[in-house]
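Residues 1 to 387 (the working numbering) are what the sequence shown spells out, left to right.
Just so you know, not all the hints are guaranteed correct.
To be verified - No more than 25 Å apart at the CA atoms, straight line, and that leaves these computed lysine to aspartate or glutamate pairs for DMTMM-like:
| # | residue 1 | residue 2 |
| --- | --- | --- |
| 1 | K322 | E262 |
| 2 | K322 | E333 |
| 3 | K223 | E149 |
| 4 | K332 | D282 |
| 5 | K152 | D83 |
| 6 | K263 | D319 |
| 7 | K199 | E219 |
| 8 | K195 | E212 |
What the hints assert, rightly or not - With beta-carbon atoms standing in for the labels, derived distance ranges:
| # | residue 1 | residue 2 | range |
| --- | --- | --- | --- |
| 9 | D137 | G291 | 37 to 43 Å |
| 10 | F150 | P122 | 33 to 39 Å |
| 11 | R222 | T162 | 19 to 25 Å |
| 12 | P349 | K152 | 37 to 43 Å |
| 13 | F316 | V285 | 28 to 34 Å |
| 14 | P163 | R222 | 23 to 29 Å |
| 15 | P216 | A367 | 24 to 30 Å |
| 16 | N144 | Q295 | 40 to 46 Å |
| 17 | N248 | A371 | 24 to 30 Å |
Keep in mind that the hints were calculated from the coordinates and are not lab data. Positions of the beta carbon are idealized from the N, C-alpha and C atoms, including for glycine.
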Amino acid sequence: MVPIPTQGASRAVVNAVCHSSVVRCAAPCLPVRLQSDLSSIFDLQRTHLHRNICNLPRSRRGFVTKAAEGNGASPASTGLSIDLRGKKAFIAGIADDQGFGWAIAKALAEAGAEISLGVWVPALNIFESSYRRGKFDASRKLSNGSLMEFAKVYPMDAVYDTPEEVPEDVSSNKRYAAAGDLGFTVSDVARNVEKDFGKIDVLVHSLANGPEVTKPLLETSRKGYLMAVSASAYSYVSMLQRFGPIMNPGGAAVSLTYLASEKIIPGYGGGMSSAKAALESDTRVLAYEAGRKYQLRVNTISAGPLGSRAAKAIGFIDDMIKYSYANAPIQKELEAREVGNAAAFLLSPMASAVTGATIYVDNGLNAMGLAPDSQTLARAEQPVGAA
Numbered sequence: 001m002v003p004i005p006t007q008g009a010s011r012a013v014v015n016a017v018c019h020s021s022v023v024r025c026a027a028p029c030l031p032v033r034l035q036s037d038l039s040s041i042f043d044l045q046r047t048h049l050h051r052n053i054c055n056l057p058r059s060r061r062g063f064v065t066k067a068a069e070g071n072g073a074s075p076a077s078t079g080l081s082i083d084l085r086g087k088k089a090f091i092a093g094i095a096d097d098q099g100f101g102w103a104i105a106k107a108l109a110e111a112g113a114e115i116s117l118g119v120w121v122p123a124l125n126i127f128e129s130s131y132r133r134g135k136f137d138a139s140r141k142l143s144n145g146s147l148m149e150f151a152k153v154y155p156m157d158a159v160y161d162t163p164e165e166v167p168e169d170v171s172s173n174k175r176y177a178a179a180g181d182l183g184f185t186v187s188d189v190a191r192n193v194e195k196d197f198g199k200i201d202v203l204v205h206s207l208a209n210g211p212e213v214t215k216p217l218l219e220t221s222r223k224g225y226l227m228a229v230s231a232s233a234y235s236y237v238s239m240l241q242r243f244g245p246i247m248n249p250g251g252a253a254v255s256l257t258y259l260a261s262e263k264i265i266p267g268y269g270g271g272m273s274s275a276k277a278a279l280e281s282d283t284r285v286l287a288y289e290a291g292r293k294y295q296l297r298v299n300t301i302s303a304g305p306l307g308s309r310a311a312k313a314i315g316f317i318d319d320m321i322k323y324s325y326a327n328a329p330i331q332k333e334l335e336a337r338e339v340g341n342a343a344a345f346l347l348s349p350m351a352s353a354v355t356g357a358t359i360y361v362d363n364g365l366n367a368m369g370l371a372p373d374s375q376t377l378a379r380a381e382q383p384v385g386a387a
């Protein structure tokens, strides 16, 4: 529950008390929570309030109101909080405790959401083994001292929409075959989630894969390019197609994108820059379509570089972290929790009017047009006539 600030409303009550004809309508005009918070004020004798407050100059009435709040039963609110208690979330794409997906899960858990996961089939055994052996316990710890729990973990491969699309060599693979009747396609997982939990409220797409990501675009094959777009962008479309019908109206979805969608990032190849651009474009269209059809909000977060295990596979992530630190408006390394917190906001009722947006969580790097550590810029900053 989000606390409602009462200071401004209390001043309104004081002014109402000064005009006895308005006193009776003051309380019903306020939110129910606010009426409860201010009940002690209304319990006071109105004549006493009229004598002690209305005789003061208007410039001092705000001060008297604050004093009354301080002595009353309900103090003024100290801020907002994200409350997702009773909400059910499904997160696709977590394989360890290092990436943005884990950070989002932790932020949602802190807010009280019940979380289920879809883990890539080839990584499932390692993930479950690490979880059971307590390898993730330190990173599972929440602010109240408890450990983050997952209601259920499902095998998932989001490049397949239905069982009929799965090639024989994949379905016969022992890791995939272990899924059995549960299946692992997007439609399988959506069906299983609905069976186990009914309607859900939150959908997180933390998926990306480009088999040729280390190749320049000029050397990327058609197959590699299309695989990158399929796994990293179309999978979001597929998930909303199949999870949309089992989400409560007012629910929200979020995905993760990267600055390479709109700026040249040498080394981020294999069609991945195109995939991220498609993901952002699809986010806007999905926001309209899922908003009208299911009353859902759809957004994406453009996160800065993070040294996760998946990112290190690209090979240049350490250089990108150093570059960001040197050139972003805020000179610090991005923390995964910062992306998690932004996602929790977007997935909560606090962002009820935010949809179709690409939200940058990158210390402001996206805003830069020229790197401050550039030698060209250093020369340009020299005074005229300098050597």
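Hints and how they fare:
{"no.": "1", "hint": "K322 - E262", "in the structure": "holds (20 Å)"}
{"no.": "2", "hint": "K322 - E333", "in the structure": "holds (8 Å)"}
{"no.": "3", "hint": "K223 - E149", "in the structure": "violated (38 Å)"}
{"no.": "4", "hint": "K332 - D282", "in the structure": "violated (31 Å)"}
{"no.": "5", "hint": "K152 - D83", "in the structure": "holds (21 Å)"}
{"no.": "6", "hint": "K263 - D319", "in the structure": "holds (16 Å)"}
{"no.": "7", "hint": "K199 - E219", "in the structure": "violated (44 Å)"}
{"no.": "8", "hint": "K195 - E212", "in the structure": "violated (37 Å)"}
{"no.": "9", "hint": "D137 - G291: 37 to 43 Å", "in the structure": "holds (39 Å)"}
{"no.": "10", "hint": "F150 - P122: 33 to 39 Å", "in the structure": "violated (19 Å)"}
{"no.": "11", "hint": "R222 - T162: 19 to 25 Å", "in the structure": "holds (24 Å)"}
{"no.": "12", "hint": "P349 - K152: 37 to 43 Å", "in the structure": "violated (25 Å)"}
{"no.": "13", "hint": "F316 - V285: 28 to 34 Å", "in the structure": "holds (31 Å)"}
{"no.": "14", "hint": "P163 - R222: 23 to 29 Å", "in the structure": "holds (26 Å)"}
{"no.": "15", "hint": "P216 - A367: 24 to 30 Å", "in the structure": "holds (27 Å)"}
{"no.": "16", "hint": "N144 - Q295: 40 to 46 Å", "in the structure": "violated (32 Å)"}
{"no.": "17", "hint": "N248 - A371: 24 to 30 Å", "in the structure": "violated (45 Å)"}
In summary, the numbered hints that this structure violates are 3, 4, 7, 8, 10, 12, 16, 17.
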